[in-house]
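Now for the letters of each chain:
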Amino acid sequence: MIRSLLLAASIAALAPSALAQTIAITGGKIVTNTNQGIIENGTVVIRDGRVVSVGTAATPDGATVIDAAGKWITPGLFAAFSRIGLSELDSEDPTNDVSASGSDFQASLRAADSFNPSQTAIAVTRIEGFTRAAIVGSPGKGLFGGYGAIIDTSGDFDSINARDTFMIARLGESGAGAAGGSRAASWQWLLTAIDDAKAYPRGFEDDNEGDLLSRKEAVALKPVVEGRVPLMVEVHNASDILQLLTLRQREPRMKLMLLGATEGWRVADQVAAANVPVIVNPLSNLPNSFEVLAATLENASRLEKAGVTVAIADPGEATHNTRFIQQLAANAVANGMTWDGAFKAISSVPAALYGQADLGVLRQGAIADVVIWDGDPLELMSSPDAVYIAGVATEMESRQTKLRDRYLNVDEPLPQAYER
Amino acid sequence: MKRWKLISLAALMAAACATGAETTPATDQAASPSEPVKAMPARVAYNPDPYPSTYKPLPADNVLIRNATVFDGLGGEIKGGAVLIQDGKITAVGSEASMTMPAGIRTIDGTGRFVTPGIIDIHSHLGVYPSPGISAHQDGNEVSGPVTAEVWAEHAIWPHDPGFTRAMAGGITAMQILPGSANLFGGRGVIIKNVPARTAQGMKFPGAPYTLKMACGENPKRVYGYGGGRFPGSAPFSRMGNIAGYRDAWQRATEYKRKWDKYNADFDAWEKKTKSSAPKAGDDKGPGDPPNAPDRNFELDTLMGVLNGEILVQHHCYRADEMAQVIDLSKEFGYKVTAFHHGVEAYKIADMLGANGICGALWADWWGFKAEAYDGIRENIPIVHKAQNGCAIVHSDDANGIQRLNQEAAKALADGIKAGINISKAEAWTWLSRNPAKAMGILDKTGTLEAGKAADVVIWSGDPFSSYTRADLVFVDGAITWDRNDPARRPVVDFELGQPGEGDVK
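These protein sequences, in sequence, are chains A and B. Numbering-wise, the first sequence is residues 815 to 1234 according to my numbering. Numbering-wise, the second sequence is residues 2 to 507 according to my numbering.
Only chain B is shown next, with the shape it has when bound in the complex (with noise of 0.2 Å):
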């Protein structure tokens, strides 16, 4: 008969965290030597976290901003506002009159100036495909085949990416970053802060969920179908194999999550099996083997978590009709979309993102530049919003268009406004830090100024609306990573040193 030691779940996890392989069983040092006991079987989980955040707050002082328009991304504006920071959160937002603040904490005046949350990026490359975009920094796109779920953008962020430092300037303290859409399913994406470090995992945003990049229409059958000249090449040649591809790689995903919720659900029924069968005398029947885990498939391991509700789907689609198969396919397979990007066509839909509860996020006006983009208007943004629980997002996709993000949404807002949709610019702010944090899984740490979040701020010189105003200053959890007035907080990444301009205004 064997006698099994229980291992709590904790101290699995712990090993797991410290090998970053399959947990093993430890022996049990305390065994007697008249009785042998074996250790006990763990259960086999993997670490959800095997790349951790190691992200550390700048040094930060306790600051008020005063006397300053304030947009709150909740879609209110207070006139006059003040921002109350302090040990690198939002501790109070409104009248000064009415808060309480140490003596002698630091002022910055607010006069003339806005105070809006840091803008947050949901669809970003920096770092992936970084500049210079030379042949030695394509690494976005893992086009070895449609399905690569298992690849991870952070694994292939260059935080010396100078893009990082000019979308600081345009007041971004968080973005996600993407791989490309090469491919059905690209892979997972990874939420940072927008800080300085010598690591991706320096600038991972601590407690972010996983993301995972899917893409539709053109692309997918452009790079496989037709890709670099490999005529015939393979599946998918069309958005009939666009979809194929999708059913057939979440159906594997449905059978492997049956897999593992099963071993789990036996596993759980062997250990309450061996917690309570005491050994009776001449019984020789204990609980038996445990079960056998199932064999580990990354690339099913993302698909799992997406099924499993813990991986957000940020999905790369065009056109409206597609977009609605792909509201169909996620519910064929019990997922859901979190948030379609590029979204040309959104406005088609809007009434169905809205009752979808997936959000759009859109450029103010790309388009023309594929047949899946032809049909693009300056009023997607607000016709997104307008619709009846509409979730719009301002997103770049463009190490450029990145860094002025509030003058996308000037543009957007402008033109919903000729045609008669009505949005205050407070409420249009939801499109560039609400908004995104909420399709992020990160709104109860940012993107709103509330008591409690993180002061992630932004102190425009002026209307952030108006094409003359900048960036002053930037605060990511309280600490200032960009003064516009002060080349000290202006960083210089590593490749820039040395080269024609290092330092320059940029």
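Same shape as in the complex, but just chain A (with noise of 0.2 Å):
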């Protein structure tokens, strides 16, 4: 309540013409993701939705000034792997439509197809700080999983921000279930899928096949087999991520990145020295099957002093709280790595993997995604107080906060259904 109270004062500020006024978020500690670093009393100055100035110069004339003395502001959180608008209850199908498993396609969908802005979780994950997201859905058979997207977090309609920006496929123990049982059945089926792509349309003119994939599907892979958009690969085991990594010798144009990669502490060096990025969940310390029997807490820090570019997800949780995201972060911290790497792994480290190069930092010229924090964002007992999306206020309020205000007090006369 306390929240959407000092936004509801903000957006009555800023309600006359946002995309004009200039809005100074002025005496906060800054995290700039830049060689800047973090400025200490500095002031964020946003127009027309990007960021004019980030620093401690005085405030323009005539600017909206939001006070954020004591607080944090930081660039919007990017959540490397999300499924946010792809599913209301996981449990309905009709309403969740992370994956097609009745489908024959499956590398030709596209995330941004089934996406819908209005879907709860959108806003539930913008309050926590959450301005953009890797959304993607999930192989509902074969190794493929179609095309993820950008979006934003504003519940528009207009919230996709990039389509068919990667493709998502799974080897390890999934993936050989899913290609027939056996790893070397699920390798046979990426390099013969890698091949048909390649050999399209030339090598699908005398019937209309290749060997594995149909001709939609061909069409689909062809930009990743050629290297223009890259191939998320769920993968956990180490032996299995170094075979992956041996796809850069027969494939140099393909660009990799790997989701998981639970092991991947232990072929640290090879995936650096492969230039592979990877998305970890930092809290995946459980044998929780074969493939990750060396799981541990140290896994994102470890990745991290090998030099290796990370990010920070869960891929196993992402429809619903993809905002647990900045707890993964907070405690890879408490296992090692560096402050400033864990808040870039859900920052400016995704913006950058997924070529959105303006987000994720504050500096001038960038994309005024701008969080205003009660205190340091990886603390567990901070909140946002502020989220903008592109210079614009954004409501403070998701379907939970309107039922927690209807129920924080029974004792009224009227029975709830009255209390909006």
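Keep in mind the hints are simulated off the structure, nothing from the lab. By construction, the Cβ of each residue, glycine as well, lies at the ideal position given by its N, Cα and C atoms. Among the clues, some could well be false.
[Said to hold, decoys possible] Partial chain A-side listing against chain B, Cβ under 7 Å, derived:
id : residue
1  : L903
2  : L1100
3  : N1102
4  : M1195
5  : Q1214
6  : Y1221
7  : N1223
Join these two chains into a complex; the hints should help.
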């Protein structure tokens, strides 16, 4: 309630013309994610959806001043892996578009085509400081799960920022199962799919299909094999990771990203040498399966030390609790990762991975995704006071906060259904 | 005329413990040959503890923890406080100056550190759904029928689950292991100490009561009515069927209890008659045969234990309206719900939970994975806490979440404060130790830092509500079970031996 009141004030201030207005967020501790580092008692000026200046210069005349004394000012968080907007209730199939096990289309599926910006998880995620997310479906059968997209959390109908940004696939135990029962089968599947896509369209002239892929699927994979779009592969076991890295020699044009990489620390030097970024869940420390026996809380910090580009997210919890990514980063720090590395792993690193260099940073010209926090953004007792997306202050309200406000006090004369 | 030799109940129980079976009367060796005396038929009674705890505390030193910030688990905070541990018990809490202790006692400097009661997780499936989660390890749901009150979680606990040691690193000193939520009645839960052992018995919390897992809502009707592609399966298909299934079982339990109560009353009367009826000359009428005991039914034994107030009900229930139905159900059959688990909508009826003395064992922020979890809010725990007689508990239901229940409490606390519910960190610690201990029936033994209680204690590297804080030392009954800085005190379970990552930081 307190949060929404504060924002109501700032939104009212912006109401006449948010875009034409200059906003100065003053007096806060600024995390720039640039070589400016952290600026104490600094001011961020934004106008027309962009950052105009970051530093300790005076507030421009005529600017709407937002006092952030004692607060932290950071770029909006960027979820490196999410499924918000793809599922309203995970257990109810009609509301859940994460995967399509009954479809012959897989690589050619596009998360952007399923995305619904009105889903409740969007606002729930936004008010915890996330302004952008990479969203993608899950392979329904076979190895590929289609294209991921970049969205913002404004909830607006035009909140898809970039379509077809990466392709997702799986190897390891899951991939082996999907390919017929062994890792050898999944590897053969992957190579054959790559060859089909490379051969398209010439190889598809005689009959309608490749060795493995239909025409449509081959078309979808073409940008991946040509290295125009990265392939994100969920893989956890150290030996499976090394196997995947051999693709760098066979297909030098392809760009790879590792999702999960729970045993990544065991082959951290090889991953670093291959210049392949990883998206890890730093809290994966249980041997949930035989492919992650070497799971450790220090995976993220060891990868960071080896020079690997590390983003942080949880491939297993993505539809509703993308907001947990903040807690994942905090625990990476508790287990040896640098604060700077962990914060970048949930902001500027994912932005850069998906080609969004103007996001995840506070510098002149950057897109003005700005969060004002009441404390260290990696402390679980901190939370955002305000979230700006492209310079626009957003409502700090979700279906959850409305339910909360309705039930904070039940000693009222009318039933709760009359209270909104 | 028959003569009976009385055998004491204590002797019966001893016999039962030895055999684990129904007690049988011993023959009387001392009977006079001239007057044959038949052994007195014993009352049929069953050993309530046939799988007893064999837990033995680890070797422990006496120790004084000094200069620390202490959360006593009762809601109090002591700055620059001390905790004295002797012979596995807490003997003093407060200011060091006021304590008497043996000379040369080992001391631990708590400067900059926090001391709390060990965290108690009231909802865990460690051991019954262990890591790795392979098909061979799926031992937490006996899905053979909607009522399986006869199964006991302890019979499936694999003590080599690596999850136990991960939980140790998170400051967990005790937990309740529950069967899953497939069934209306899932079976008995068991309370264990978080110590490495070769057997489940070696972990069992001595003197803790048994518990009964029940489940509301979507799970039972999905697993049975619509389960496994068997549609049409078997009841329950609906929430109506859920309640009907509960009522049917409680009615059977009521009748079973009535039979046993009658049998015991009849046996009392018969026994009294036998003792008082001195044989008279010419009188052939003795006390007659003793009453026949009812047939034993393991399912109804557990439910009767609830009706007798010996077994605590732990009811998985998400929706507020369903919790209200279950409260009425409990009143209809005369038992008490000790805690609702998950209770994603507990905030809607926090007043009712308080008024009925029912705890809410809750997540900080899980929601949305199914319809009955749709209305989850982040202030659920603080709202339940602030209700009159409110009893909020942070629970995990998760092998990962159990490792950081202090962080879950931190999230809930912060959101409560932001919503205007003022709760101190020290008060919030009651969610992690006192309240779960209460709802598990072990508050007289652990859950707070008070003289006389078990020294189940955690020393944290800093404020346990900070993301960056880790458990440095964990004590169970005064013994160090976990030391973050000493690999020799970081247990490695059998499963992990010889595997990649053995003995690594976990």
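Consistency of the hints with the structure:
| no. | hint | verdict |
| --- | --- | --- |
| 1 | L903 | 6 Å, holds |
| 2 | L1100 | 5 Å, holds |
| 3 | N1102 | 5 Å, holds |
| 4 | M1195 | 4 Å, holds |
| 5 | Q1214 | 5 Å, holds |
| 6 | Y1221 | 5 Å, holds |
| 7 | N1223 | 10 Å, violated |
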